[in-house]
Structure formats: C-alpha cells, structure tokens
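Just so we're aligned, residue 11 is where the sequence shown starts under the numbering used here, counting upward by one.
No lab work stands behind these hints, which were simulated from the structure alone. A couple of the hints might just be wrong.
Calculated pairs, DSSO-like style, for lysine-lysine (alpha carbon to alpha carbon, straight line, at most 27 Å) [unchecked claim]:
#: 1; residue 1: Lys237; residue 2: Lys185
#: 2; residue 1: Lys185; residue 2: Lys173
#: 3; residue 1: Lys306; residue 2: Lys291
#: 4; residue 1: Lys77; residue 2: Lys126
#: 5; residue 1: Lys34; residue 2: Lys77
#: 6; residue 1: Lys306; residue 2: Lys237
#: 7; residue 1: Lys185; residue 2: Lys291
#: 8; residue 1: Lys173; residue 2: Lys306
#: 9; residue 1: Lys306; residue 2: Lys47
#: 10; residue 1: Lys126; residue 2: Lys185
#: 11; residue 1: Lys110; residue 2: Lys77
#: 12; residue 1: Lys173; residue 2: Lys256
#: 13; residue 1: Lys77; residue 2: Lys47
#: 14; residue 1: Lys34; residue 2: Lys291
#: 15; residue 1: Lys126; residue 2: Lys110
#: 16; residue 1: Lys34; residue 2: Lys47
#: 17; residue 1: Lys110; residue 2: Lys34
#: 18; residue 1: Lys110; residue 2: Lys146
#: 19; residue 1: Lys173; residue 2: Lys237
With beta-carbon atoms standing in for the labels, derived distance ranges [to be verified]:
#: 20; residue 1: Pro239; residue 2: Ile59; range: 41 to 51 Å
#: 21; residue 1: Met182; residue 2: Asp204; range: 40 to 50 Å
#: 22; residue 1: Arg132; residue 2: Thr183; range: 33 to 43 Å
#: 23; residue 1: Lys256; residue 2: Trp135; range: 13 to 23 Å
#: 24; residue 1: Trp246; residue 2: Gly60; range: 43 to 53 Å
#: 25; residue 1: Leu241; residue 2: Asp301; range: 19 to 29 Å
#: 26; residue 1: Trp246; residue 2: Glu49; range: 37 to 47 Å
#: 27; residue 1: Pro150; residue 2: Pro257; range: 44 to 54 Å
#: 28; residue 1: Thr236; residue 2: Arg64; range: 39 to 49 Å
#: 29; residue 1: Phe174; residue 2: Arg132; range: 39 to 49 Å
#: 30; residue 1: Pro184; residue 2: Asp279; range: 20 to 30 Å
#: 31; residue 1: Pro66; residue 2: Arg132; range: 21 to 31 Å
#: 32; residue 1: Pro184; residue 2: Gly55; range: 37 to 47 Å
As the structure is a prediction and not an experimental result, all values here were calculated from the model. Idealized CB from N, CA, C, for every residue including glycine.
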Amino acid sequence: MIFIVGGTGTLGQTLVRMLREQGKPVRVLVRPGSVAKAEPLRALGAELIGGDMRDPASLEVGCRGAKVVISATSAGADRREESRRMAEFQGPINLLEAAKAAGVQHYIFTSTLFPKNPVGYRFCWAKLMAEEAIQKSGIPYTIFRPCGLYYEIVQRGEPIVEKFGFFPVVGMTPKRTQMLGMIDVARAYVNAIDNPEALNRTFELGGPQHLTFDEMVAIWSQVLGTKIPVLHLPVWLMNGIGALLKPIQPSAPGIMELLEFSYDEMSCDMRETSRILRLGKMQTLEQYCRDYYATKGK
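All chains should be built: construct the whole structure from the sequences, respecting the hints.
The structure is reproduced here in structure tokens:
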C-alpha cells in the first residue's frame, strides 16, 4: 500500500493516476474541504480516508499497513504563517512520526529546489528542518527538491495575461531557472519506489532547459501564436504591496515572498538523478504548451 498525503493536489493527482496505471494500491488522505477533488481519485481505484495532517489519529489510520508514505503537501494560496508551517514542516513531521510508528519502509518527502541564496526565504528553513528530521528518523527516505513547474507559468499566468495584457516577473535582473513538467516530477517519485539506489538520497529535480522567464514566455507565445509582453516588477514594490494588503489579506506577504522565491535563479545537475530514476528524455516547455493547448481545445 502507498499512502499519499496531498493526493488531491496537482502533484498528488498525477501520482495517483500513474501508480494506479501500474496496478499499485493507493490510499489518499482527504481533508473535508477536498472531497469533491478526491472523487476522480476514487474512480481510479484509490482508497480515500478522511483526515488532516493536524490530526495524528487520521495519519495513524492512513499509515497502517502502508509500505510507502508520500508527503506531497503545499500551503498553496494560503500563505499565512501558521498554514505554511503546517504544510511545510509540522504536517510532514506528524506524518513522519505516524509512519515510523507503523513500520513504514519508505518515506518520500516533497521539499523544493533552493536558489543560490535561500537565506532570506523563511519557508525554506521550514523545508530544511523537515529534511533534517527525516534524515535522522531512521526510516529509509527519499527527499525530492523539484524546481518550479511549467503549469505555474502557463495555467496560472493565463488569467493574469487575459486581465492585464502582460506577464509579470518579479525582479529587474534576468534570472535563469530549470522549470519542468509535472509528469516528469511524478515519474521521478514513482521510479523511486522499490529502487534501492533511491533510498536515503536527496534528489534535486530540474527540467531539460535552463531559461530566463522572458525566454519561457517567448516559447509560450510562439506556441500560442500571440505575443505576450513581459513586465518586470521590482522586489521592493511587491513586498510593499504585500505589507499594505496584510490587514485585509493575511496571506499577502507570504504570497509576495513565494513570488520572489519562484523567480530567483535555480539550477541543478540532472545526470546522476536521471540515471537512478530512469527519467530519460524529459518534457520541454514547448512540448508542454503544445500538449496543454491540444487538450484544452478538445
């Protein structure tokens, strides 16, 4: 049995589909507010259990009889301090303790690819502390540090472009990053299961291209057939907006921090990772855009 926490999220849903296609038994923790999102997973044959990362009892039930546990949680749009701490540190630690008590044989944790200087980002410390606790737990583990995802540019960027007529980029200096497709992130996770070389390892995950955000938007524009202008916004302006909005939108400062982080410089060497996790040829941004719009047009 593979128990997934965060299974109704973008990564989690892709993982459930891949694992079920291989005939592997999957159990998913479903919060009360995510019941509707979980129904397609039930249709795939996943076992659904109600609960929350705040509730050790539900995590105990989920881990019971599980061989592999996957923590694929994210704070999402709720960037309040307490929500981020739960999704990025305390929740995964609660799950780790339940997994250890249940005798789970493999704990897979979703961290993040860090930029060259992660010190200024508070949620990075939460991820790093969770990584350290996992490494010291005694449970065989695999930690993944994925870079940003193509869908964060395209799907999340579409409504902004439609409303304002441009794609905003945080920071005035062009920076390169190795975004990748969700399908390749999920393949890495799936191929780590029952893979001795993946145990007790931390893998950074990046895509096949090292591009600036201007270059990525140019590729997106080419596939779309419409020029998408890019507007660079200074960090001080974004942080100022976040501070002003905090009284009416507590998540605003955290969202601004996440945006600044997302547009920072990130890169990793994928040669050894690709060999161990059998990733082969990875999806490019152009391929992702073409697949997305081909599906969207149906």
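Need the list of violated hint numbers for this structure, in ascending order. Violated hints (numbers, rising): 4, 15, 22 and 29; every other hint is consistent with the structure.
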